[in-house]
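Q: Spelled out from the first residue to the last, the chains are:
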Amino acid sequence: MIIDVHVHTRLGPDPAGFQYLLDQAAELDVTLCVNSLSPKDGSGMAQSPDLDEVRRCNDWTAELAAAHPERIIPMWYLNPAHGDAACRELEERVAAYSGHQGVKLWVAVRCNDPLLDPIMRICAKHKLPVLQHTWFKVTGNLPGESTPMDLRELALRHPDVSFFWGHSGGDYEYGAKCARGLPNVYMDLGGGEAMNGYVDLLVEHETADHIVFGSDAPGRSLVSQLAKVYGADISRKEKEKILFRNAQALFAQQNLANGAAS
Amino acid sequence: MIDANANLGNWPFRQLRYTTPAALLGKMDALGIEQAVVSSLENVFYKDQLSGNRQLYAQVKGHVDRFLPAFTINPTFPGWEEDLAICIQEFGMRVMRLHPNYHQYALDSAQGAAALEAARAHNFTVIVTTGIEDTRHHHPLVKVPDVPSEQVALAVSAFSDVRFLVAAANFSSITAIRSHCAQPQNLSFEVSRVQGPVGDIEKLCATLGADRVLFGSNLPLHVPEAAKMAVEHAKISAVEREKIVRGNAARLFGLE
Ligand SMILES: [Zn+2]
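As given, the protein sequences belong to chains S and C, one line each in that order.
Heads up, the first sequence is in the numbering used here, so the first residue is 1 and it goes up one at a time.
Heads up, the second sequence is in the numbering used here, so the first residue is 1 and it goes up one at a time.
It should be emphasised that the hints constitute simulated quantities derived from the structure, not laboratory data.
Please note: incorrect hints may appear among the correct ones.
With a Cα cut of at most 30 Å, we get these calculated DSS-like pairs of lysine-lysine [unchecked claim]:
id	chain 1	residue 1	chain 2	residue 2
1	C	LYS61	S	LYS239
2	S	LYS137	C	LYS235
3	S	LYS137	S	LYS177
Some chain C residues well away from chain S (every beta-carbon gap over 12 Å; in silico) [unchecked claim]:
id	residue
4	PHE13
5	ARG17
6	LYS27
7	ARG54
8	HIS63
9	GLY79
10	PRO148
11	GLY209
12	PRO224
13	ALA234
14	ALA238
Glycine is no exception: its CB is placed at the ideal position from the N, C-alpha and C atoms.
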């Protein structure tokens, strides 16, 4: 069993990628935590989408989760700039879905912004893990793109929320240091290249208890990202924690918390 | 399996596993890689390529059954032609490695052409490393853009009788290079940095043909498991897989 915390519905306008991914996930026994950053009709992938676009993204996520409940965990996409409306969108999605679920935040608002706080309180209440995109790009970040330093601030401010640390900071060497010592963060391995020593460095600083597998498929292939784990000089037990046990334990808290059936 | 793109040596920006011949051989053994085409990783940054090439030769000469050295040439450095002659006469050079971006010349310039003329004259296979690692991770003082796709395409077209392997290009740059080449019979790619999108290897086989796709690790910068698993899990025929992991490299580098 594998849990992939970082999966998107679509790569550009071509929907074929997701079906490939579903087939491969079945083959490799991977549960996919899926978020949509663009609506099903392929329109746009705005960095700061309006409320209607966010809803259409989540409609697609909900549709896929309903169609593949054994394979997909929905991660509701929100734009914190929408304030109360973003909170309502999340509460409505949580109320309407009975299985495991989480939240995805991308590049609309930098994550140390107080705009996130009301959303975080809802995540704490329902024990929803939050996949927050982070990247520290030497070539320059997008205006609303969070750095690992931003996520450290957010994680310290919300110790009762569990965070999937998107792309382990992008540049994982920055991410590894920013996440050090935080009990409520889980480094997401997805998205970057399978660099020699990537997982080993995270295990050194965060321990295998604070790393989760993510792929960023379908833009990345599942297998290239799995290779980061398989190619690390760590124990089998540590690999299992990363590949599924840590994420499984987080989602299991939801059953205890709100009685949701999986 | 044959690894069409590996390196020996250290990298200035972080510690790596598998930098020595013994460690690299150990990793190759663990993954079932019988042979690897290897270059000096230090030569990405050394000014004097001959020193890195000399060290590479010393490292591989006890393992000729496992390592095929690809000596790095920088056609902008004084005396490169004399150094090339040493690589040929003393080291038995058969494969030329070029880093046009790190060594700061255009592959389709007069300097690039001079190196490729030499490759043609000596019947070398030419490895062009177009981007050795993700530019987003570069050291802030050493930001090096990938080799432009058009340059690669122009050089490949101008030297249609030279065999080219583009190394460490990602999926989108492979696609871009391919789209700029009218007649790429002399052009192959290795897949170390492809790593997606899903179905990547299948797509490359469909667009380039399985004859043009080679297994490569980009060791020690990347984990070789990424390319190995990508090829193993691809929905392609056994014949295609065999070409990618061995047959194409054997033909391209004369390892049969
Ligand atoms: Zn992503």
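Q: Please go over all the hints and tell whether each is borne out by the structure.
A: Hints, one by one, checked against the model:
1. C/LYS61 / S/LYS239: Between C/LYS61 and S/LYS239 the Cα gap is close to 37 Å, so the pair fails against 30 Å, i.e. violated.
2. S/LYS137 / C/LYS235: Judged against 30 Å, a Cα distance of about 34 Å means the pair is violated.
3. S/LYS137 / S/LYS177: holds, 15 Å
4. PHE13: At roughly 9 Å from the nearest Cβ of chain S, C/PHE13 sits no farther out than 12 Å, so the non-interface label is violated.
5. ARG17: Violated: least Cβ distance 6 Å, not greater than 12 Å.
6. LYS27: violated, 9 Å
7. ARG54: holds, 25 Å
8. HIS63: holds, 21 Å
9. GLY79: C/GLY79 is indeed farther than 12 Å from all Cβ atoms of chain S, at 34 Å.
10. PRO148: The assertion about C/PRO148 holds, with a minimum of 16 Å to chain S.
11. GLY209: Its Cβ never comes within 12 Å of chain S, the nearest being 20 Å, so this holds.
12. PRO224: The assertion about C/PRO224 is violated, with a minimum of 7 Å to chain S.
13. ALA234: Since the minimum Cβ distance to chain S is about 9 Å, C/ALA234 lies within 12 Å and the statement is violated.
14. ALA238: holds, 18 Å
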